[in-house]
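**Student:** One letter stands for each residue in the lines below.
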Amino acid sequence: MSVDTATVKKVASLARIAISDADAERLAPELNNILGWIEQLGEVDTSSVEPMTAVIPNKLRLREDVVTEGNQRDAVLQNAPQGEHGFFTVPKVVE
Amino acid sequence: MTESTYRIQGETGEWEVVIGLEVHAQVTSNAKLFSGAATAFGAEPNSQVSLIDAAMPGMLPTPNQECIRQAVRTGMAIGAVINKWSRFDRKNYFYADLPQGYQISQLFHPLVGEGQIDISLDDKDPEANVKTIGIERIHVEQDAGKLMHDQHPTRSYVDLNRAGVALMEIVSKPDMRSPQEAGAYLSKLRAILRYVGSCDGNMDQGSMRADVNVSVRKPGAEFGTRTETKNVNSVRFVMQTVEIEARRQVEVLEAGGKIVQETRLFDPDKGETRSMRSKEDAHDYRYFPDPDLLPLELDDAFLEECRASLPELPDAKRRRYEQELGLSAYNAATLTADADTARWFEALLAEGARIQKKGENEVARASANWLLSDLYGALNRLGKDLDTSPVSPEQGAELLALAADGTLSGPLAKQVFEIMLETGDAAGKIVEERGLKQTSDTGAIEAVIAEVLAKNPGQLEQYRGGKEALFGFFVGQTMKAMAGKANPAVVNELLKKALAG
Amino acid sequence: MSDITELGVAELRDGIRTGKFSAREVADAFIVKVSQGKALNAFIVETPEHALAAAKAADEAIAKGEPLKPLSGVPLGMKDLFATKGVQTTAASHMLEGFKPVYESTVSQKLWDAGAGMLGKLNLDQFAMGSSNETSYFGNVISPWRRGGGDNAPLAPGGSSGGSSSAISARLVPGATGTDTGGSIRQPAAFTGIAGIKPTYGRCSRYGIVAFASSLDQAGPMARDVRDCAILLENMAGFDPKDSTSLNLPVPNWEEALSGDLTGKKIGIPAEYLIDGTPTEIAKLWEAGIAWVKDAGAEVIEVSLPHTKYALPTYYIIAPAEASSNLARYDGVRYGLRELADGQNLQDMYAATRAAGFGPEVQRRILIGTYVLSAGFYDAYFTKAQKVRTLIAQDFENAFSMCDLLLTPTAPSSAFALGEKSADPLAMYLNDVFTVPASLAGLPAMSVPAGLDAGGLPLGLQIIGRPLDEQGVLNAGLAIEQRAGFAARPEQWW
Numbered sequence: 000m001s002v003d004t005a006t007v008k009k010v011a012s013l014a015r016i017a018i019s020d021a022d023a024e025r026l027a028p029e030l031n032n033i034l035g036w037i038e039q040l041g042e043v044d045t046s047s048v049e050p051m052t053a054v055i056p057n058k059l060r061l062r063e064d065v066v067t068e069g070n071q072r073d074a075v076l077q078n079a080p081q082g083e084h085g086f087f088t089v090p091k092v093v094e
Numbered sequence: 000m001t002e003s004t005y006r007i008q009g010e011t012g013e014w015e016v017v018i019g020l021e022v023h024a025q026v027t028s029n030a031k032l033f034s035g036a037a038t039a040f041g042a043e044p045n046s047q048v049s050l051i052d053a054a055m056p057g058m059l060p061t062p063n064q065e066c067i068r069q070a071v072r073t074g075m076a077i078g079a080v081i082n083k084w085s086r087f088d089r090k091n092y093f094y095a096d097l098p099q100g101y102q103i104s105q106l107f108h109p110l111v112g113e114g115q116i117d118i119s120l121d122d123k124d125p126e127a128n129v130k131t132i133g134i135e136r137i138h139v140e141q142d143a144g145k146l147m148h149d150q151h152p153t154r155s156y157v158d159l160n161r162a163g164v165a166l167m168e169i170v171s172k173p174d175m176r177s178p179q180e181a182g183a184y185l186s187k188l189r190a191i192l193r194y195v196g197s198c199d200g201n202m203d204q205g206s207m208r209a210d211v212n213v214s215v216r217k218p219g220a221e222f223g224t225r226t227e228t229k230n231v232n233s234v235r236f237v238m239q240t241v242e243i244e245a246r247r248q249v250e251v252l253e254a255g256g257k258i259v260q261e262t263r264l265f266d267p268d269k270g271e272t273r274s275m276r277s278k279e280d281a282h283d284y285r286y287f288p289d290p291d292l293l294p295l296e297l298d299d300a301f302l303e304e305c306r307a308s309l310p311e312l313p314d315a316k317r318r319r320y321e322q323e324l325g326l327s328a329y330n331a332a333t334l335t336a337d338a339d340t341a342r343w344f345e346a347l348l349a350e351g352a353r354i355q356k357k358g359e360n361e362v363a364r365a366s367a368n369w370l371l372s373d374l375y376g377a378l379n380r381l382g383k384d385l386d387t388s389p390v391s392p393e394q395g396a397e398l399l400a401l402a403a404d405g406t407l408s409g410p411l412a413k414q415v416f417e418i419m420l421e422t423g424d425a426a427g428k429i430v431e432e433r434g435l436k437q438t439s440d441t442g443a444i445e446a447v448i449a450e451v452l453a454k455n456p457g458q459l460e461q462y463r464g465g466k467e468a469l470f471g472f473f474v475g476q477t478m479k480a481m482a483g484k485a486n487p488a489v490v491n492e493l494l495k496k497a498l499a500g
Numbered sequence: 000m001s002d003i004t005e006l007g008v009a010e011l012r013d014g015i016r017t018g019k020f021s022a023r024e025v026a027d028a029f030i031v032k033v034s035q036g037k038a039l040n041a042f043i044v045e046t047p048e049h050a051l052a053a054a055k056a057a058d059e060a061i062a063k064g065e066p067l068k069p070l071s072g073v074p075l076g077m078k079d080l081f082a083t084k085g086v087q088t089t090a091a092s093h094m095l096e097g098f099k100p101v102y103e104s105t106v107s108q109k110l111w112d113a114g115a116g117m118l119g120k121l122n123l124d125q126f127a128m129g130s131s132n133e134t135s136y137f138g139n140v141i142s143p144w145r146r147g148g149g150d151n152a153p154l155a156p157g158g159s160s161g162g163s164s165s166a167i168s169a170r171l172v173p174g175a176t177g178t179d180t181g182g183s184i185r186q187p188a189a190f191t192g193i194a195g196i197k198p199t200y201g202r203c204s205r206y207g208i209v210a211f212a213s214s215l216d217q218a219g220p221m222a223r224d225v226r227d228c229a230i231l232l233e234n235m236a237g238f239d240p241k242d243s244t245s246l247n248l249p250v251p252n253w254e255e256a257l258s259g260d261l262t263g264k265k266i267g268i269p270a271e272y273l274i275d276g277t278p279t280e281i282a283k284l285w286e287a288g289i290a291w292v293k294d295a296g297a298e299v300i301e302v303s304l305p306h307t308k309y310a311l312p313t314y315y316i317i318a319p320a321e322a323s324s325n326l327a328r329y330d331g332v333r334y335g336l337r338e339l340a341d342g343q344n345l346q347d348m349y350a351a352t353r354a355a356g357f358g359p360e361v362q363r364r365i366l367i368g369t370y371v372l373s374a375g376f377y378d379a380y381f382t383k384a385q386k387v388r389t390l391i392a393q394d395f396e397n398a399f400s401m402c403d404l405l406l407t408p409t410a411p412s413s414a415f416a417l418g419e420k421s422a423d424p425l426a427m428y429l430n431d432v433f434t435v436p437a438s439l440a441g442l443p444a445m446s447v448p449a450g451l452d453a454g455g456l457p458l459g460l461q462i463i464g465r466p467l468d469e470q471g472v473l474n475a476g477l478a479i480e481q482r483a484g485f486a487a488r489p490e491q492w493w
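Residue numbers (numbering that gives the first Met the number 0), protein chains in the order written: chain A, 0 to 94; chain B, 0 to 500; chain C, 0 to 493.
Excised from the complex, chain A in its bound form (with noise of 0.2 Å):
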C-alpha cells in the first residue's frame, strides 16, 4: 500500500491536524517508509491466531452505582482556554 499526498492529506483532516501542502508532501514518503516496514508482517500466518484481547488475564470490574463526584463546575472549567456563565465555549456551530 503505497500512501500518496492527497491520502496524507485526507488522515490529516481525519486526525484534525492542519497540513500544508509541503508538510504532505515531505510526509507522504517518510509514512510510506513507515508502514513499508511495518507490512513486513504480512510474512507471519495468523490464520489460526485470535487477536490480543488483555494483555494480562484479568477481569473488567464493575463498579457500583453510586454518586461519587460532581458539584465542581469551577475545577471542571478552570483549565479552560475560554469559558462562560459556567459553560465551556467554542466558536458557533451551524448543524
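The hints are simulated quantities; they were obtained by calculation from the structure and are not laboratory data. We treat Cβ as the ideally placed atom computed from N, Cα and C, and that holds for glycine. Be a bit skeptical, because a hint or two may be false.
Unchecked claim - Per label pair, the in silico range of CB-to-CB distance:
(1) 278(C) / 260(B): 54 to 60 Å
(2) 85(A) / 113(B): 43 to 49 Å
(3) 374(C) / 318(B): 28 to 34 Å
(4) 393(C) / 203(B): 51 to 57 Å
(5) 343(C) / 254(B): 37 to 43 Å
(6) 343(C) / 315(B): 54 to 60 Å
Use these hints to put chains B and C onto chain A, whose structure you have.
**Tutor:** Relative to chain A, chains B and C alone:
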C-alpha cells in the same frame, strides 16, 4: 404475521416502505456509565461532570454495574441472546459535545444479540393482528454532551452534564412496513423498557429518541437505499418522519433521481426531513477495542439475578388479565399498555380483594371499568394523570367496596367520587359525614312512594291505563325525593307493588 | 556527611531514620544540585517547596517520635507525564503548556503518601513518544555522559524517560518515576548507567498518567541500583479501582526478599536477540552477563522467541493506533492550547490547535495510528498486529515453560549523539528492538547497568520475567549488579 398493506401511490404505481429503528434509550442509573457523576435531568450546566467526563489527561473509565445489569434485563425482556463475553470499542470523531474525541460504544461484540418484539396492529383485539419485529442487537454506549447555539452571537456553549450518561442502543431489523408499525413498535418498546425499569421512556426529556431508517421499493423488489433521520423524539414524529421521508423518496425516484445514503433531520414545524450535510464530511469512525477496558465477562450468578428480577411483561400480563381476571381483550390491553397503569390497577385490585374479602378475579371487572371510565374521565377533565391523581388506589378500592356491598348506589357512588376528587377524603368518611348511605328501609321508601303517587295523580292514571313506560318517571321522582340514597332495587320492587294498586 | 547527594534512596531513607542527617539537609542538598544542573535540561518545572514540605513533615515526625513512613523525607523526580495537583503537567508538549491539573495521579499520590517529596517535574519525549528525548517541546535533555577521547558531542539520555535518567545519573535526584510503553524506562536507564524496572502491566495504576498507548503504558521506578528500584516500586504499585486494568493483588515486599542467589533458577537466552549489526561489545557484555548469572547459581539454557523480529512493527501499529485515539481529547476546548484565527469554525480550530500543539513526532504517530485504523485498513494492520501480539506473548509463555527468566541486552547500542538519529524515524524506532517484546506481552522487565563500551559509555542488560515475577527480575538484576561492579559515573561538566 400479517402482511402490511400500506402502500404509497406514486405516478409509476405502488411503493412499499421499509423501516428500521435505532432507538437510544437512557439507562436508568444514579451515576454515569464510566464515571461517578450524577445523571439527574435538569441540573445546572456542568455541575454533573466528573474529571473523566471532561476527558482530563490521564482519566480512565470504570464501568457501572447497574448500567450493564439494566441492559441485560432489557435484553432478557425481548427474548434476546445475552452475550456473556462482550467488549467496548471506541468510535472516534471530533465534536464539541464529545470530550474524549471518541465515544465508548460496542461495535464488534455487543452485550445483547438478537431478540424480538411482538407488536399489535388492532387496538380492539390485540391478538388479532400481531407482527413480530426482529431486534438485531442492543449495545451500551456513552451519551454526548449538549451544545447550545442561541446564547451568544459567535459562540456555542458546551454543557457536559449528559456526557457519559449510559445509553442502550436498540437496533431493530428492517421489519416494519408502515408508519403505524413503526409507531406501534416504538410504543411497545417503550412499554417494555418502563416495565423492566431500565429506561424511564421520557421522550420529551430526551431519555428516548429514535434514528429512523427508511427506504422504499416496489413491492417484492430488493431493498432500496436508505436514509437515516436522526434523533426523532416522539412516537407521532417517528410516524410522520416515515410518511414524509418515504413520500420524498418516491418523488425523487419517480423524477429519475437517486436516493443518497445520508443522515437527515426531521423538522416538525415545516413537516419535512432535510439533509444534515454538516455532519456528513468523511465519516470514518476508526472503531477499535477500547484499551482502557478489559472484555466484559458476565457470570451465571449475575445473569440469574437479572432474570429473577424481571417483572411480568406486558404481553404476559395482558393475557393473564384476560384469562384469569376475565377482563375484555380491549380493557386488558389498555391496562397493560403502560407499566404505571398496570401498577395502579394492581394496587387497586389487591386492596379491593383484601377489603371485600374476595378473589381478585371477582373484583377485577368492576375495578377495570371504574379505572378506565370513571377515573380516566375525571383525570382527563382535571388535566391530570395517574401519577398526580387526587384519588389513590386504596381510596378507589374503598369506594368500589362501598358500591359492591350496596352501601352506595351507582349514582351515589358517582357523587361520592366527585367529592373525593375535590377534597381528597376517603369514601367512607364522605358517606359518614354527609349521610350519603343508600337506604333499603322499606317503610321509609313506601312512605315516599305514597307521597309521589299522591302528587302525580295524572301520571298514575295514565300508568294504570296501560302506559307502563311511565315506570321510569316514578322511579326518578322517588329517587329524587330521597336524594338518591334509596336502594334502586328496593325502590323498583316497592313501586311495582304500589303502582299495581 | 561529605555529600548527601552521593547517596541512594535506601541510604537516604535509613540515614534520615537513624538521625545521620535531617530530611531538611537532604532536601537542601538535592535542591542545590537541581539548581546547578540546568545545563542538562532535565526538569521542566522545579518544585523545591514540595520537597521541603515533605522534609519538614519527616523531621517533625522524628522530633515527635512518631513512626516514619516508608519514604519519609526522600526527595524524588517526577516524570512530567504524571498529573500533579496544582503543578504544571505538560507531557513535554506545547499542547499542555500551563495546564495545572486539579487532581493527582495515583502513583504520585502513593509516593507522597509514603512520605516522599518532589524536586520537580522531569522532562521527557513529548507525550512519551521518542527514544532520545529530542521530541520535548521544552528542549532536548542532555545526558551527563560524554564519549571519551575529547568528543564533547551532547549525547541522548535515552527516552522517553530521559529527564529521569539524566537527573539520576547526574545525581540531581536519587530516584525518579518513569513510564515505559516500549522501553521508555529501560532504554534510558541503559544509556545512562542506572537501573529501572517496568513492572507487570497492571501493577501500577495508570490513573492520572497522560496516556500514550493504554494497553502498553506502565509506570515504574528508575534509580541508581536494584534495591532502590525495589523500594520505590513497592511504594508505586498497588490496586487502584480507578484503573480498570489495574491488578487486584497485594504488593509484595520486594526489598525484603531481595537476594542475589539464583540457585535453582533457569535463565533463558533468546537466540533471536542476537541481531545483525549488534556491536560486539554488546554481544560480549551479554556473554559476561551469562557468566554472572551462572556464578550466582543459575542454570542457563538457550530458548527461542521466534516472533521477536515482528515485535517492533507490531508495536508501531498498536501504539500509534491507541495514541491517535488517546490524544483526540487535546482539542482546545476544555484545557490546554487553543489556536483560533478570526473567522475559523470549530473544525478549523481543532486542526490549527493540534498542528500547533503537537510536535512532529507526535503528529507522525497520530497520522500512522489514524491511517492503520481507517476504513479498509483496520484488519490488514490493527487486527493483524493484535494477532501477532498474541504470537509474541505465546513465544514468551513457551519460553517460560522452560526457564524462569530471560536475559538479553537492553538496547542495541550505547547512547548516540543528539541529532544523530532524529532525521530517520525508523532508525530511532529500532532502538527499542529489545525492550518492545516484553512490553507487548505485559511482562516485568528491568535494565541494570553492566559495563561500558569502548567509548566509555554505559551499557545495560535486561532481565525479563514471568507475569507478576518482579521479585525474580529484581533478584537476577541484583546478582548481575553485584558481579558487574558497575561504578562508572559521568564526570561533571554541567
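**Student:** Which of the listed hints are not met by the structure?
**Tutor:** As far as the earlier hints go, only 3 is violated by this structure.
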